[in-house]
Amino acid sequence: MNWTLNLVLLTFLVGTAFAMIMLKDLLAAAVVFSAYSLIMAIMWSQLRAPDLALTEAAVGAGVTTVLFVITIFRTVRKENR
Amino acid sequence: MNWSRIFQNLNYAVSLLLFLMGLYTLAMKPNLIKKIMGLNILETSVFLFIVSIGMVDSGQAPVMAHGAAQQVVVNPIPQALILTGIVVAVSTTAVSLSLCIRIHQKYGSLDACEILGREVA
Amino acid sequence: MKKLFVILALAALGVVLLWVVGKMPEMGDSRTPDKTHVVPRYIEDGVKEAGAENLITDVILNYRGYDTMGEVAVIFSALCAVIALLDREKRGVSRSAVDASQVRSSRIVRVTVRILFPVIFLFAVYLILHGENSAGGGFQGGAVIGASIIVFTLVFTLIESTRDIPLTLRVILESLSVLTFLAVGFIGVFKGVEFLTYILPGLSPGVAGALRSQVFMMSIEIAIGVAVGAIFTSIVFAMIKEENFELEPHIPEP
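Residue numbers (numbering that gives the first Met the number 0), protein chains in the order written: chain U, 0 to 80; chain G, 0 to 120; chain C, 0 to 253.
Heads up, a few of these hints could be off.
Said to hold, decoys possible - Stretch by stretch, here's where chain C covers chain U in the computed footprint (C-beta under 8 Å, at least three residues):
(1) 9-19
(2) 54-61
Claimed, not checked - With a Cα cut of at most 20 Å, we get these calculated DMTMM-like pairs of lysine to aspartate or glutamate:
(3) G:Lys-105 to C:Glu-241
(4) U:Lys-23 to G:Glu-113
(5) G:Lys-105 to U:Glu-78
(6) C:Lys-89 to C:Asp-163
(7) U:Lys-77 to G:Asp-56
(8) C:Lys-190 to C:Glu-48
(9) C:Lys-89 to C:Glu-241
(10) G:Lys-28 to G:Asp-110
(11) G:Lys-28 to G:Glu-113
(12) G:Lys-105 to C:Glu-242
(13) G:Lys-105 to C:Asp-86
(14) G:Lys-28 to U:Asp-24
(15) C:Lys-2 to G:Asp-110
(16) U:Lys-23 to G:Asp-110
(17) C:Lys-47 to C:Glu-159
(18) C:Lys-34 to C:Asp-44
(19) G:Lys-34 to U:Asp-24
(20) C:Lys-22 to U:Asp-24
(21) C:Lys-34 to G:Asp-56
(22) U:Lys-23 to U:Glu-78
(23) C:Lys-1 to G:Asp-110
(24) C:Lys-2 to G:Asp-56
(25) C:Lys-22 to C:Asp-33
(26) G:Lys-34 to G:Glu-113
(27) C:Lys-89 to C:Glu-159
(28) U:Lys-23 to G:Asp-56
(29) G:Lys-34 to U:Glu-78
(30) C:Lys-1 to G:Asp-56
(31) C:Lys-89 to C:Glu-242
(32) G:Lys-105 to G:Asp-56
(33) G:Lys-28 to U:Glu-78
(34) U:Lys-77 to U:Asp-24
No lab work stands behind these hints: they were computed from the structure.
Even glycine gets a Cβ: it sits at the ideal position worked out from N, Cα and C.
Let the sequences and hints guide you as you build the complete structure.
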């Protein structure tokens with residue numbers, strides 16, 4: 000396992016998670032969630048789990064993000080506070 | 000506190016941090032969609048923790064090549080269980096998001112405090 | 000006030016758990032208890048006993064077959080819950096907001112999706128069929144199928160997607176996985192071995208190891224892949240469709 004790449008990926012994970020929590024615009028948060036899942040997929044391939052990387056890339060970055068976007072589109076986009 | 004060991008086990012520490020962030024979102028954010036995002040962060044943090052436990056340095060992915068005698072591979076059980084977990088996570092997300100759509104149709108809002116008619120803490 | 004209390008409680012929890020992380024064995028160590036008890040047998044005999052070179056497929060379909068059957072049931076009940084909340088789409092009546100709006104996707108997006116869609120779908124089929132010998136399998140391939148159809152639906156319209164993949168077809172495909180699992184599991188019961196032991200009807204248990212499980216694992220993989228793809232598609236269709244369009248975006252005349 001590449002130690003430097005691991006450190007960079009972990010930093011990005013925490014950064015994207017923090018941005019997702021702090022963003023008031025839910026659509027932007029959904030897009031950041033997609034980025035979070037993609038970084039998690041790279042993390043899985045670093046941890047020698049190719050099956051998980053495939054599933055996470057398809058499910059996390061694909062299906063779940065689309066579900067979030069559909070829900071935001073049919074409800075409200077902004078978080079009040 | 001054994002700081003050198005914590006630094007070696009950086010994956011565990013980061014998944015712990017992500018767990019706390021997800022729990023905070025789940026507890027404090029009033030918006031229901033934000034709560035579901037926090038739940039997703041929480042789930043992925045647990046997945047990261049369990050798969051990191053199964054990691055072996057210099058281990059290969061758990062696919063045995065034809066006729067390879069002694070191949071060092073990582074632990075396959077956590078990966079198989081987490082594969083189950085990821086698919087179940089997306090199922091729960093789908094159900095809770097459809098609940099969000101119905102709640103918005105009925106109450107016109109996705110703010111948990113507003114729906115319950117409570118004062119904001 | 001409440002916020003401060005929550006942050007303090009989480010910080011206390013974090014300190015305790017961080018102390019535990021400091022006590023845990025080093026990451027990547029191959030002599031920890033979780034890697035020395037059951038796993039060596041899976042790694043050494045898994046290919047012989049279970050019949051697939053991908054150990055994850057072995058664990059999912061053979062050693063932990065009950066778990067996977069439960070998981071398939073969980074996805075199916077998630078679909079049932081979504082349909083109970085939001086109803087199926089009605090053919091010719093339901094439209095998505097993309098269908099209703101007068102703004103079409105840009106030509107670049109449409110051409111890209113039209114070129115990439117068959118390639119993604121082919122990759123998903125490869126994942127399902129080749130899941131025993133390399134990374135991949137039913138759930139992975141099914142997720143990719145679902146994602147490809149969802150991309151198609153978002154760019155082209157829901158009406159077009161429901162014409163290509165009608166409801167009657169999806170109803171059959173969705174229930175395929177649980178039924179296949181049960182059918183294949185019960186073949187072993189009628190031969191006098193445990194539930195979910197994969198043997199062919201003509202063979203006695205334990206004979207012809209490669210043959211007995213490869214056929215069944217392949218059929219279960221295909222059923223899971225098709226069903227997961229159909230279920231994800233149906234969930235997205237149920238969530239994206241709308242019946243009444245009072246809030247239809249009005250595009251002013253140029």
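Comparing the hints with the structure gives:
Coverage of a stretch by a chain is defined here by at least three residues with a beta carbon nearer than 8 Å to that chain's beta carbons; for the region 9-19 of chain U and chain C the count is 0, and the condition is violated. Given a C-beta distance limit of less than 8 Å, the hint that chain C covers the region 54-61 of chain U holds, as 4 residues qualify and 3 suffice. A threshold of 20 Å between alpha carbons decides the hint, and for G:Lys-105 with C:Glu-241 the separation of about 15 Å falls inside it, so the pair holds. Pair hint U:Lys-23 plus G:Glu-113 holds up; C-alpha atoms about 17 Å apart against a cutoff of 20 Å.
For the hint linking G:Lys-105 to U:Glu-78, the alpha-carbon distance of about 18 Å falls within 20 Å, and the restraint holds. For the suggested pair C:Lys-89 and C:Asp-163, the alpha carbons sit about 14 Å apart, so the restraint of at most 20 Å is met. Between U:Lys-77 and G:Asp-56 the CA atoms are separated by roughly 45 Å; this puts the pair beyond 20 Å, and the hint is violated. This hinted pair checks out: C:Lys-190 and C:Glu-48 have alpha carbons roughly 18 Å apart, not beyond 20 Å.
The straight-line distance between the Cα atoms of C:Lys-89 and C:Glu-241 is roughly 10 Å, inside the 20 Å bound, and the hint therefore holds. With a CA separation close to 9 Å, the supplied pair G:Lys-28 and G:Asp-110 stays within the 20 Å bound. Proposed proximity of G:Lys-28 and G:Glu-113 is supported: the alpha carbons are some 12 Å apart, at most 20 Å. Between the alpha carbons of G:Lys-105 and C:Glu-242 the distance comes to roughly 16 Å, so the proposed pair stays at or under 20 Å and holds.
The hinted pair formed by G:Lys-105 and C:Asp-86 meets the criterion: a straight-line CA distance of about 16 Å does not exceed 20 Å. A distance of roughly 13 Å separates the Cα atoms of G:Lys-28 and U:Asp-24; the hinted pair therefore holds under the 20 Å criterion. Taken as a hint, the C:Lys-2 and G:Asp-110 pair is honoured in the structure, with Cα atoms around 17 Å apart against an allowance of 20 Å. Between the alpha carbons of U:Lys-23 and G:Asp-110 the distance comes to roughly 13 Å, so the proposed pair stays at or under 20 Å and holds.
For a cut-off of 20 Å, the pair hint linking C:Lys-47 to C:Glu-159 is broken: about 47 Å separates their Cα positions. Using a Cα cut-off of 20 Å, the hinted pair C:Lys-34 and C:Asp-44 holds, with the two alpha carbons roughly 15 Å apart. Annotation: proposed proximity of G:Lys-34 to U:Asp-24 holds, straight-line Cα distance about 14 Å (limit 20 Å). Taking the CA atoms of C:Lys-22 and U:Asp-24, the gap is near 40 Å; set against the 20 Å cutoff, the hint is violated.
As the CA atoms of C:Lys-34 and G:Asp-56 are separated by approximately 13 Å, the hinted pair is consistent with the 20 Å bound. A distance of roughly 5 Å separates the Cα atoms of U:Lys-23 and U:Glu-78; the hinted pair therefore holds under the 20 Å criterion. Between C:Lys-1 and G:Asp-110, the direct Cα distance comes to roughly 17 Å. Compliance with the 20 Å bound is thereby established for this hinted pair. With a CA separation close to 41 Å, the supplied pair C:Lys-2 and G:Asp-56 exceeds the 20 Å bound.
Proposed proximity of C:Lys-22 and C:Asp-33 is supported: the alpha carbons are some 16 Å apart, at most 20 Å. For the hint pairing G:Lys-34 with G:Glu-113, the CA-to-CA distance comes to about 15 Å; that is within 20 Å, so the pair holds. Between C:Lys-89 and C:Glu-159 the alpha-carbon distance is near 13 Å, which keeps this suggested pair within the 20 Å criterion. Between U:Lys-23 and G:Asp-56, the direct Cα distance comes to roughly 41 Å. Violation of the 20 Å bound is thereby established for this hinted pair.
For the hint pairing G:Lys-34 with U:Glu-78, the CA-to-CA distance comes to about 11 Å; that is within 20 Å, so the pair holds. Annotation: proposed proximity of C:Lys-1 to G:Asp-56 is violated, straight-line Cα distance about 44 Å (limit 20 Å). Simply put, C:Lys-89 and C:Glu-242 have alpha-carbon atoms about 9 Å apart, close enough for the 20 Å limit, and the pair holds. With a C-alpha separation of about 53 Å, the suggested pairing of G:Lys-105 with G:Asp-56 is violated against the 20 Å cut-off.
Pair hint G:Lys-28 plus U:Glu-78 holds up; C-alpha atoms about 9 Å apart against a cutoff of 20 Å. Restraint check for U:Lys-77 and U:Asp-24: satisfied, since their Cα atoms lie roughly 5 Å apart, inside the 20 Å limit.
When each numbered hint is compared with the structure, violations occur for hints 1, 7, 17, 20, 24, 28, 30 and 32.
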